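Participant: Chains W and E are the protein sequences, given in the same order.
Numbering follows the UniProt record's numbering, with no gaps: position 130 of the first sequence is 130.
Numbering follows the UniProt record's numbering, with no gaps: position 90 of the second sequence is 90.
Simulated from the structure, these hints should not be mistaken for lab results.
Small disclaimer: the values here were computed from a predicted structure and weren't measured.
Heads up, a few of these hints could be off.
What the hints assert, rightly or not - Here are the simulated DSS-like pairs of lysine-lysine, each with C-alpha atoms no more than 30 Å apart in a straight line:
hint, chain 1, residue 1, chain 2, residue 2
1, E, 118, W, 48
2, E, 399, E, 427
3, E, 227, W, 48
4, W, 48, E, 427
5, E, 227, E, 401
6, E, 139, W, 48
7, W, 61, E, 185
8, W, 48, E, 539
9, E, 425, E, 519
10, E, 175, E, 129
11, E, 175, E, 260
12, W, 48, E, 101
13, W, 48, E, 447
14, W, 61, E, 222
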Amino acid sequence: MATYIVRRLIGAVLLLFVVSIVTFTIFFLVPRLGGATADDLASRYVGKTAGAEQIHQMAVKLGFTDPLWVQYGRFVGGLFVGADYSTGPTTVHCPAPCFGYSFITQNPVLPDLLDRLPVTLSLAAGGAVIWLLFGVATGVLSALRKGSVFDRAAMSVALAGVSLPIFFTGLLSLSIFSYGLGITPPGGSYVPFTENPLQWAYSLILPWITLAFLYAAGYARLTRAGMLETMNEDYIRTARAKGLPERTVVVKHGLRAALTPIVTIFGLDLGLLLGGAVLTESTFSLPGLGKYAVDAIVNNDLPKVLGVTLVAAAFIVFANLVVDLLYAVIDPRVRVA
Amino acid sequence: MRRKPLVAAVAVTAALTMGLSACGGGTGGSSSTTAAAFNAGVGKVFNPSDAKGGTIRIANSGDWDSLDPADTYYAYSWNFVRLYGRSLVMFASAPGADGAKLVPDLAESLGVPSDNAKTWTYKLRKGVKYEDGSAVTAKDVKYAVERSLDKDTYPNGPTYFNDFLDLQGYTSPYKDSDPNKLGLKAIDTPDDQTIVFHLLKPFSGFDYFAQLPATIPVPQAKDTGTKYKEHVVATGPYKFESNNLGKNFTLVRNDQWDPKTDPNRKALPDKYEVSLNVNADDIDNRLISGDLDVDIAGSGVQPAAQGRVLGDQALKANADSATVARIWYTSINGDVAPLDNVHCRRAVEYATDKVGYQNAYGGPTGGEIATNLLPPVIPGAEKFNQYPAGPDNKGDVAKAKEELQQCGQPNGFTTNIAYRSERPKEKASAEALQQSLAKAGITLNIKPFPTGDYFKLYAGKPDYAKSNGLGLMLNGWGADWPDGFGFLSQIVDSRVIRASGGNTNLSVKDPAVDALVDKALSTTDTAAREKTWVDVDKKVMDDAYVLPGVWAKGLLYRPKNLTNVFVTDGFQMYDYLALGTTRK
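Produce the complete structure using the sequences and hints provided.
Facilitator: Below is the structure:
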């Protein structure tokens, strides 16, 4: 098992390395292939009345006039040994791992990422708990009462959940519960857990439910399909024939087998969300990684884009690793090589 | 369910206040009202009050470009910066046209010109202090202007001082060999209260430069360069209590601010709480529900809320339609044949469906049909219409065809029209133009370009526009300040066109226009200068290099708890310096 984990971790590091190269290439090489010069790229980061000389000075300052491999090397070097940046009157050292300074705000990227990570973690974790509980429970009950009113109603709601975009359900829920009934806080009310845990939960309850509504729908449908298939297996019939209580048959034998694909999807979903729940954060004005990524992309702010991409990729890789390890726990048939 | 009783209560309150309150009081003797009504904050003060206290809650749908006075270039930021910084001169805190008038702030009076307006002198008020209690001196103002010249460090701010001061090679105090970092020869500080600016060429409107945030003093010992935005040292009535970049910041009272040195600020609220990167639609919802006081951008509510506000009389009574010093227009590129012929350009002018153009921007709520360049909100602006678009304003095809005959293109011609792909209103405008010009035989091929690089690489880059046959280019321009120079200089003066791109103007290239611009720059008499800017407008329209579309308007919403609410022509949004709140 230890060898397997080490092998996967090495693979993860290599994957992150590739992700950084691809992101860097898309940002710099593609415009160059389209004919953009270093000054063209730098013109995005100067004021609207900047002349050619000022644009060129910015290109030099940001390192765009250097060969691409030198620029990438500088980025990687920053990750391992840090880098120095001018603030104007002084030069400051950005300690390793240095993700660079924003081209727009001239702030170091890593503190920004660390600052926003708890928001995204809070959103993803809370939402995941809700959607997993409700999604799986609804799916199991629907499967056990196939064709009933409950099953049909639950699957209709699930279909609505999957179909409605979160910027619609989010704004609608804000309009009803925050501005209409006044029982939930307005958007942008995030309170850190460390400041006040109750307020933290209160500020996130609507984003959690909205996010969970979207995801729970998918999990309910997936669980229902899995359970329907599993409950028709021979070993379920055998379990019942052995006289096991129905609760044990359903939970221990049926649900356990149906959980494998759910855990796989859950790992991917959670990993993706930890890299930034873009729409949810934007709708509820939560200062998380997703909102940060959107702003970075809109502003062509490469250091920020790179930073958030690497963090998101790391979460996805890590989540996949955890899922693979969990397979062995959930399903005794699975054994690592 | 909550709204109806609330509306009824508001209606009763409004009726009572209409009967009980008298006009006046509050703000500078301007006309005022307490009766909630559409446009109650336009041209007069709505809900005047001198009551202090409370917190004003503000949101911004994006990030601030920078809180550093040297590095900011948004109108809302220049409006807001007056709360924590004092520039030499400022726009008066007054409704309507009075708000576009300059008044001394840190200086005792407006600038005194000499040497044919090439030298400008200001005397500073005595007793002005920073938040730490130290005195503000003329050297601090000089240092502030010096650092704003450094565009490597502060790329966002305007370049007026770079362009007009006699720099003699000076680039930055951070590269200055002078031990006090005050080596710029273009600014003298003969004593602690006097500052003298030496320009390269005459400029009659230098007071407009003196109102730029770049003249807000910065103590050299406290300058942290790019980090200064994290804590600007205040000279205004408020100082920073906290500042979480990209998320939020808070201003509280600056106890070192002395109202005796400041006739311009009431400083009513105790605190300002500003949230950044808030969903734009959510901002509108919060304004309407009373959970928020100000949308700092000041450009008006989003389309979703616009329909809601205008469709509900109770909500509409809390809204103001502000005319903005901004025009949505189309550049007609004389570098692209056959538009190098003035008659072909005039054919485009005549054939345009002006109503269609206006509808693309949301109809009359989105703006007024523009017939020339200078928006009505610019002091001295004149409306004129050289190319009437027929009795229904939907295009005069007969006149267009006459012009096409004179142009040698009796059957019309084909050209390209560029617009910013992420802007649906520009797409709709391009389609409206395509339809209306087709009636005269002019075929337009619509070419979208990415918004972020539109001016830098495509429609603002002369070589690209010419070689790719961009005959028409959709465009928009807002004044840096409401005056002829602030509005026109960047869009009609051919000498500001840069081969490197980033130009708002590519089309207007007329030496006669340039000469008129120079004449306006050296005319110190205000009325004569304003007349010259109108002459510039008329010449550009006669050349038909610009197809005016819409003079923009913004639908602003004012929550009920706000006091002293009015739209100032200085920034064409609510005056943030005047606002108070009844919410304690």
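Participant: Assess, step by step, whether the Cα of residue 48(W) is no farther than 30 Å from the Cα of residue 101(E), and give holds or violated.
Facilitator: holds, 26 Å
Participant: Regarding the pair residue 118(E) and residue 48(W), is the alpha-carbon distance no greater than 30 Å?
Facilitator: Measuring from Cα to Cα gives roughly 26 Å; hence the hint holds.
Participant: Tell me if the straight-line CA distance from residue 48(W) to residue 539(E) falls inside 30 Å.
Facilitator: holds, 26 Å
Participant: Between residue 139(E) and residue 48(W), does the CA-CA distance stay at or below 30 Å?
Facilitator: Within the cut-off at roughly 29 Å; holds.
Participant: Taking only the CA atoms, is the gap from residue 61(W) to residue 185(E) under or equal to 30 Å?
Facilitator: Holds. Residue 61(W) to residue 185(E) sits at ~27 Å (cutoff 30 Å).
Participant: Please work out if residue 425(E) and residue 519(E) have their alpha carbons no farther apart than 30 Å.
Facilitator: violated, 36 Å
Participant: Within a Cα-Cα threshold of 30 Å, do residue 175(E) and residue 260(E) meet the stated pairing?
Facilitator: violated, 38 Å
Participant: Quick one, are residue 48(W) and residue 447(E) close enough, alpha carbons at most 30 Å?
Facilitator: Judged against 30 Å, a Cα distance of about 23 Å means the pair holds.
Participant: Next pair to validate is residue 227(E) with residue 48(W); report whether the Cα-Cα distance is within 30 Å.
Facilitator: Measuring from Cα to Cα gives roughly 22 Å; hence the hint holds.
Participant: Does residue 61(W) pair with residue 222(E) here, judged by a C-alpha cut-off of 30 Å?
Facilitator: holds, 24 Å
Participant: Run the distance test for residue 48(W) versus residue 427(E): straight-line Cα separation, threshold 30 Å.
Facilitator: Holds - the C-alpha atoms of residue 427(E) and residue 48(W) are around 23 Å apart, at most 30 Å.
Participant: Tell me if the straight-line CA distance from residue 227(E) to residue 401(E) falls inside 30 Å.
Facilitator: violated, 60 Å
This entry does not satisfy hints 5, 9 and 11, going by the numbered hints stated previously.
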